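*Asks:* For the record, the sequence lines run as chains A and B.
Per the numbering used here, the first sequence starts with residue 1, numbered consecutively.
Per the numbering used here, the second sequence starts with residue 1, numbered consecutively.
These are computed hints drawn from the structure, not numbers from a lab.
Please note: incorrect hints may appear among the correct ones.
Pairs of lysine to any residue residues, derived as SDA-like cross-links and limited to a Cα-Cα distance of at most 20 angstroms, are as follows [said to hold, decoys possible]:
no.	chain 1	residue 1	chain 2	residue 2
1	B	Lys389	A	Gly203
2	B	Lys389	A	Pro200
3	B	Lys389	A	Thr202
4	A	Lys374	B	Glu132
5	B	Lys389	A	Arg205
6	B	Lys453	B	Arg204
7	A	Lys160	A	Trp69
8	B	Lys517	B	Pro275
9	A	Lys160	A	Arg22
10	A	Lys160	A	Gly235
11	A	Lys374	A	Ser72
12	A	Lys64	A	Leu77
13	A	Lys374	B	Asp98
14	B	Lys161	B	Val188
15	B	Lys389	B	Ala400
16	B	Lys517	B	Gly528
17	A	Lys160	B	Gly112
18	A	Lys160	B	Asp98
19	A	Lys160	B	Thr116
20	A	Lys160	B	Val117
21	A	Lys64	A	Gln371
22	B	Lys517	B	Tyr208
23	B	Lys389	B	Ala378
24	A	Lys160	B	Arg119
Listed next, with one range per pair, are the computed distances between beta-carbon atoms [stated by the list, open to error]:
no.	chain 1	residue 1	chain 2	residue 2	range
25	A	Glu201	B	Thr379	19 to 29 angstroms
26	A	Ala67	B	Ser71	42 to 52 angstroms
27	B	Ser71	A	Thr237	13 to 23 angstroms
28	B	Ser71	A	Val287	39 to 49 angstroms
Bear in mind the structure is a predicted one, so any value in this text is a computation, not a measurement.
For every residue, glycine included, the Cβ atom is placed at its ideal position computed from N, Cα and C.
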Amino acid sequence: MSTITRQASLTQAARSYRPEARWLHPMAWWSWAIGLAIAASSTTNPLLLMGIIAVAALVVDRRKPQAPWARSFSFFLRIALLIVIIRVLAQILFGAPTGTLAVISLPALTLPEWFAGVRIGGTVMLEPLLQSVYDGLRLAAIIVAIGAAGSLASPARVLKSVPAAVYEVGVSVVVASTFLPQLVGDVSRIRANRRLRGRPETGVRALTGTMLPVLHSAMDRSITLAAAMDSRGYGRTADRSTADRLRTGTALLAGIVFIAVGLFFLLGTASQDWENWGLGIVALGIVSAAVSLALAGRRSTRTRYRPDHWHRADIATLACGSFTAIAFALAARIDPSGMATATQPPTWPSLPLLALTALVVAALPAFFTPQPPKDFR
Amino acid sequence: MIEFDDVSIRYEPDGSDILTGIDMFISEGEFVLVVGSTGSGKSTLLSSINGLVPHFTGGVLRGEVRVDGRSTREHRPRDLADIVGVVPQDPLASFVTDTVEEELAYTMECLGLAPTVMRRRVEETLDLLGLEELRNRPLRTLSGGQRQRAAIGAVLTAHPKILVLDEPTSALDPGAAEEVLAALHRLVHDLGITVVMAEHRLERVVQYADRVIELSGSGRAIAIGEPTTIMATAHIAPPVVHLGRVAGWHPTPITIRDARRHADALRTLLTGQVPPLRAVPDPNSPPIANLDSLRVQHGTVTALRDVNLRVDQGDIVALMGRNGAGKSTLLHTLVGGLTPTRGSVDVTGSDPRQLAGPELLARVGLVPQEPADLLEAATVAAECAASDKDAGCDSGTTRAIVALLAPDVTDSTHPRDLSEGQRLLVALAIILAARPRLICLDEPTRGLDYPTKARLATILTDLAEAGHAIVLATHDVELAAEVAHRVVILADGEVVADGPTSQVVTSSPMFAPQVSKVLSPQPWLTVGQVQRALANLGGTA
Numbered sequence: 001m002s003t004i005t006r007q008a009s010l011t012q013a014a015r016s017y018r019p020e021a022r023w024l025h026p027m028a029w030w031s032w033a034i035g036l037a038i039a040a041s042s043t044t045n046p047l048l049l050m051g052i053i054a055v056a057a058l059v060v061d062r063r064k065p066q067a068p069w070a071r072s073f074s075f076f077l078r079i080a081l082l083i084v085i086i087r088v089l090a091q092i093l094f095g096a097p098t099g100t101l102a103v104i105s106l107p108a109l110t111l112p113e114w115f116a117g118v119r120i121g122g123t124v125m126l127e128p129l130l131q132s133v134y135d136g137l138r139l140a141a142i143i144v145a146i147g148a149a150g151s152l153a154s155p156a157r158v159l160k161s162v163p164a165a166v167y168e169v170g171v172s173v174v175v176a177s178t179f180l181p182q183l184v185g186d187v188s189r190i191r192a193n194r195r196l197r198g199r200p201e202t203g204v205r206a207l208t209g210t211m212l213p214v215l216h217s218a219m220d221r222s223i224t225l226a227a228a229m230d231s232r233g234y235g236r237t238a239d240r241s242t243a244d245r246l247r248t249g250t251a252l253l254a255g256i257v258f259i260a261v262g263l264f265f266l267l268g269t270a271s272q273d274w275e276n277w278g279l280g281i282v283a284l285g286i287v288s289a290a291v292s293l294a295l296a297g298r299r300s301t302r303t304r305y306r307p308d309h310w311h312r313a314d315i316a317t318l319a320c321g322s323f324t325a326i327a328f329a330l331a332a333r334i335d336p337s338g339m340a341t342a343t344q345p346p347t348w349p350s351l352p353l354l355a356l357t358a359l360v361v362a363a364l365p366a367f368f369t370p371q372p373p374k375d376f377r
Numbered sequence: 001m002i003e004f005d006d007v008s009i010r011y012e013p014d015g016s017d018i019l020t021g022i023d024m025f026i027s028e029g030e031f032v033l034v035v036g037s038t039g040s041g042k043s044t045l046l047s048s049i050n051g052l053v054p055h056f057t058g059g060v061l062r063g064e065v066r067v068d069g070r071s072t073r074e075h076r077p078r079d080l081a082d083i084v085g086v087v088p089q090d091p092l093a094s095f096v097t098d099t100v101e102e103e104l105a106y107t108m109e110c111l112g113l114a115p116t117v118m119r120r121r122v123e124e125t126l127d128l129l130g131l132e133e134l135r136n137r138p139l140r141t142l143s144g145g146q147r148q149r150a151a152i153g154a155v156l157t158a159h160p161k162i163l164v165l166d167e168p169t170s171a172l173d174p175g176a177a178e179e180v181l182a183a184l185h186r187l188v189h190d191l192g193i194t195v196v197m198a199e200h201r202l203e204r205v206v207q208y209a210d211r212v213i214e215l216s217g218s219g220r221a222i223a224i225g226e227p228t229t230i231m232a233t234a235h236i237a238p239p240v241v242h243l244g245r246v247a248g249w250h251p252t253p254i255t256i257r258d259a260r261r262h263a264d265a266l267r268t269l270l271t272g273q274v275p276p277l278r279a280v281p282d283p284n285s286p287p288i289a290n291l292d293s294l295r296v297q298h299g300t301v302t303a304l305r306d307v308n309l310r311v312d313q314g315d316i317v318a319l320m321g322r323n324g325a326g327k328s329t330l331l332h333t334l335v336g337g338l339t340p341t342r343g344s345v346d347v348t349g350s351d352p353r354q355l356a357g358p359e360l361l362a363r364v365g366l367v368p369q370e371p372a373d374l375l376e377a378a379t380v381a382a383e384c385a386a387s388d389k390d391a392g393c394d395s396g397t398t399r400a401i402v403a404l405l406a407p408d409v410t411d412s413t414h415p416r417d418l419s420e421g422q423r424l425l426v427a428l429a430i431i432l433a434a435r436p437r438l439i440c441l442d443e444p445t446r447g448l449d450y451p452t453k454a455r456l457a458t459i460l461t462d463l464a465e466a467g468h469a470i471v472l473a474t475h476d477v478e479l480a481a482e483v484a485h486r487v488v489i490l491a492d493g494e495v496v497a498d499g500p501t502s503q504v505v506t507s508s509p510m511f512a513p514q515v516s517k518v519l520s521p522q523p524w525l526t527v528g529q530v531q532r533a534l535a536n537l538g539g540t541a
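Let the sequences and hints guide you as you build the complete structure.
*Replies:* Have a look at this one:
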């Protein structure tokens, strides 16, 4: 009896388990989405690619907040579809007819002698057509993954979590994002007011006429904002020793030099050996630059109000994304034919188990992450 | 708390001083009001408290300003952010983030306070200023009073010892102004914050002040002292003070309460007298403007619904009501800038939507809320020449009107360099060049000092006598009482009151001018009326 009750209450608890509504760390969503994008870039298997798109759509559908910026996902879906269509159309119109299976015969356009090598129309072959569909799908899946991050993570919160040293960049983006609507408001107001002087509200003259007052008011507003930011303590910095400043500068300079030299080896030489060296030097440069950023960040005395924290669900989301990317890369090593579906001759796409598991893992954040809060920003 | 040690400020190294020889000491917990006409250096004085002058604006400061022992010589504005909180004139332009809560935290983030402290202070400040409901709202969607409170909250979270405010109520309707001032009053009394405020609308603020600093036109501090002493002689004073002077009351009353204690005698004296009736237009003549069951939509929002309004020749109609009640929409509909979804607009027999160019200008003109929006040229002279061409009138017409309305404006000045009042008068002159039958003004007294406002009142009265019809949207109850024949109150897009000024404004304490509050139940509205009545009495006695 008591076991049954306990079991019943356990199932009930499991069913009613709903994590408290909160924002997931924006970087968790972004790393998950980038993992998905990397996975997509390592395969041309149409089933897996459609699987990635489906996973992204599922997660967005379940965890999208009620905010205006979250509505952008359908826009990304449409772009993805457009990419596939354009890629296929290009293949049909301009592609080379390499293959044996003819699908349809279009009238070919005969081009003059000096334009030889370019073909328009003609017989459309199945093999290159399939290849173009797969290529288009791959790009589409990458776009959809990025679009998913864009509608899951609030842009303002993303900016809040940038490192301290590049904080100024974040501020300028926020300022610009509030400045732009005001500027648009100014333009329409000043244009409407041209009527009051009996001047046309549309046309080139109206545009040039409104330019000066609009620039004036934008200028006034910038100065007001700059003064306000100064009086509110923007740009307060901690005093730093010369040695500290020297260290930061050296680290940054070394980083840049390393990256440049490494890239030269990577791109400029043919030997595999040199390429490996190049890779190592680039990695060293990136580390050095990161150290300089961290050092520079210490100079800023700013603190953050209600910063986003990494909770278990956030780390798990990041892990799901990384797992998907790594599993796809591994699968490509182990089972190249399963991950790159052959088109010459056309074969049915297979479903590699490892990649399939990765897809399931990638979909998990749709269930274990907390719901976004109802009142959004 | 704040020390000015023989401070003189000039912006051009070899120009003239904006402020000269300011020597004063403001102690902790004082509420100090800075008064003076436009261009007397009020804003410069305020900005020098946290070092924006000269660190941000440039210029030369002689003498020394010390706040809480720190000299602005060695401390930049950002280094004083923990002591001085500055609330600028236009809060919307000075917001850095996009929501109320983030804005409240911004100063603290810059100061590097610990996250737990920030969290606690944001919650306290939200409660203190009644912003709790608005914490997640984007700043752009707030009303005027809410914005001002958010701007005060944004500097208050840093726990400054001094709060500096530049005309915090000038753009607000009477209700929102009360809301902001009540919040400030509480801060001074509960937290002991030192407040320094500049404001033109003394009738709203002077009763809150502990001391008043009066600046002369030449940048000297004429007097620093208790409001009652300063107001007894000040050039710039609210109507209640003028009434006290006319009636010879001592000490000079600065609040309605003070004045009502003296008012009995004056009321007895005035019994039997009535204010002169303002000319009633002939109801049989065709109206200049007529709105018939007008409805205007902005997207899904209905800005005006079922508005009926008739404006006759020689009428001055004041439109009043909260920010966002539909006043500006009504004016823009009158000039045909907006298309009604229902109903009709008729200005001197035609639909303003169908008119353009000189034909429109000769019928109706509007001075918008930002008069600068009308001005495109680089000099006043070029602006006037362009205006003559627009209106199709003889060259020199506009310049002559400018000379009449604002004689101190010079030809070569850039319109942006004019003072607020001069800019308004130049814009009005441009509108008047085409001699429109109907003149509309949107919020004309924002940022105007009493002398300029008095000038505007005379100009408007003269225009009405010359046969123009005037519609003005305003928050300024004193101006409405001074000039309007009729007051129309809008609320949420509907007309809730329409009648003679004396009846409409006296029926609600929010819209009643000070004189009416003092002398009610007698129907006096302005000091001028009382003065003339007293002169009549003197003449007959």
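*Asks:* Does each hint hold? Answer for all of them.
*Replies:* How the hints compare with the structure:
Between Lys389(B) and Gly203(A), the direct Cα distance comes to roughly 19 angstroms. Compliance with the 20 angstroms bound is thereby established for this hinted pair. Restraint check: the Cα-Cα separation between Lys389(B) and Pro200(A) comes to about 14 angstroms, which is no more than 20 angstroms; the hinted pair holds. For the given pair, Lys389(B) sits about 19 angstroms from Thr202(A) by alpha-carbon distance, which is consistent with the 20 angstroms threshold. A distance of roughly 17 angstroms separates the Cα atoms of Lys374(A) and Glu132(B); the hinted pair therefore holds under the 20 angstroms criterion.
Taking the CA atoms of Lys389(B) and Arg205(A), the gap is about 15 angstroms. The hint holds against a cut of 20 angstroms. For the hint linking Lys453(B) to Arg204(B), the alpha-carbon distance of about 16 angstroms falls within 20 angstroms, and the restraint holds. Distance hint between Lys160(A) and Trp69(A) is fulfilled; the C-alpha atoms sit about 16 angstroms from each other, no more than 20 angstroms. Restraint check for Lys517(B) and Pro275(B): the C-alpha separation of about 15 angstroms stays at or below 20 angstroms, so the hint holds.
Of the supplied pair hints, the one linking Lys160(A) and Arg22(A) holds, its CA atoms being roughly 16 angstroms apart against a limit of 20 angstroms. Among the hinted pairs, Lys160(A) with Gly235(A) is consistent with the structure: their alpha-carbon atoms are about 16 angstroms apart, no more than 20 angstroms. Proposed proximity of Lys374(A) and Ser72(A) is supported: the alpha carbons are some 18 angstroms apart, at most 20 angstroms. About 15 angstroms separates the Cα atoms of Lys64(A) and Leu77(A), which keeps this hinted pair within 20 angstroms; it holds.
Among the hinted pairs, Lys374(A) with Asp98(B) is consistent with the structure: their alpha-carbon atoms are about 18 angstroms apart, no more than 20 angstroms. Of the pairs offered as hints, the one joining Lys161(B) and Val188(B) holds, with about 10 angstroms between alpha carbons and a cut-off of 20 angstroms not exceeded. Between Lys389(B) and Ala400(B) the CA atoms are separated by roughly 15 angstroms; this keeps the pair inside 20 angstroms, and the hint holds. For a cut-off of 20 angstroms, the pair hint linking Lys517(B) to Gly528(B) stands: about 15 angstroms separates their Cα positions.
Restraint check for Lys160(A) and Gly112(B): satisfied, since their Cα atoms lie roughly 15 angstroms apart, inside the 20 angstroms limit. Proposed proximity of Lys160(A) and Asp98(B) is supported: the alpha carbons are some 12 angstroms apart, at most 20 angstroms. Under the criterion of a C-alpha separation no larger than 20 angstroms, the hint pairing Lys160(A) with Thr116(B) is consistent with the structure, at around 17 angstroms. Taken as a hint, the Lys160(A) and Val117(B) pair is honoured in the structure, with Cα atoms around 19 angstroms apart against an allowance of 20 angstroms.
Among the hinted pairs, Lys64(A) with Gln371(A) is consistent with the structure: their alpha-carbon atoms are about 8 angstroms apart, no more than 20 angstroms. At most 20 angstroms may separate the alpha-carbon atoms for a hinted pair to count; Lys517(B) and Tyr208(B) meet this at roughly 18 angstroms. With a C-alpha separation of about 16 angstroms, the suggested pair Lys389(B) and Ala378(B) falls inside the 20 angstroms cut-off, and the hint holds. The hinted pair formed by Lys160(A) and Arg119(B) meets the criterion: a straight-line CA distance of about 16 angstroms does not exceed 20 angstroms.
Evaluation of the 19 to 29 angstroms hint for Glu201(A) and Thr379(B) yields a pass: the beta carbon distance comes to about 24 angstroms. For Ala67(A) and Ser71(B), the hinted distance range of 42 to 52 angstroms is satisfied, since their beta carbons lie about 47 angstroms from each other. A hinted range of 13 to 23 angstroms holds for the C-beta pair Ser71(B) and Thr237(A), which are about 20 angstroms apart. For the pair Ser71(B) and Val287(A), the beta carbons lie near 45 angstroms from each other, so the given range of 39 to 49 angstroms is met.
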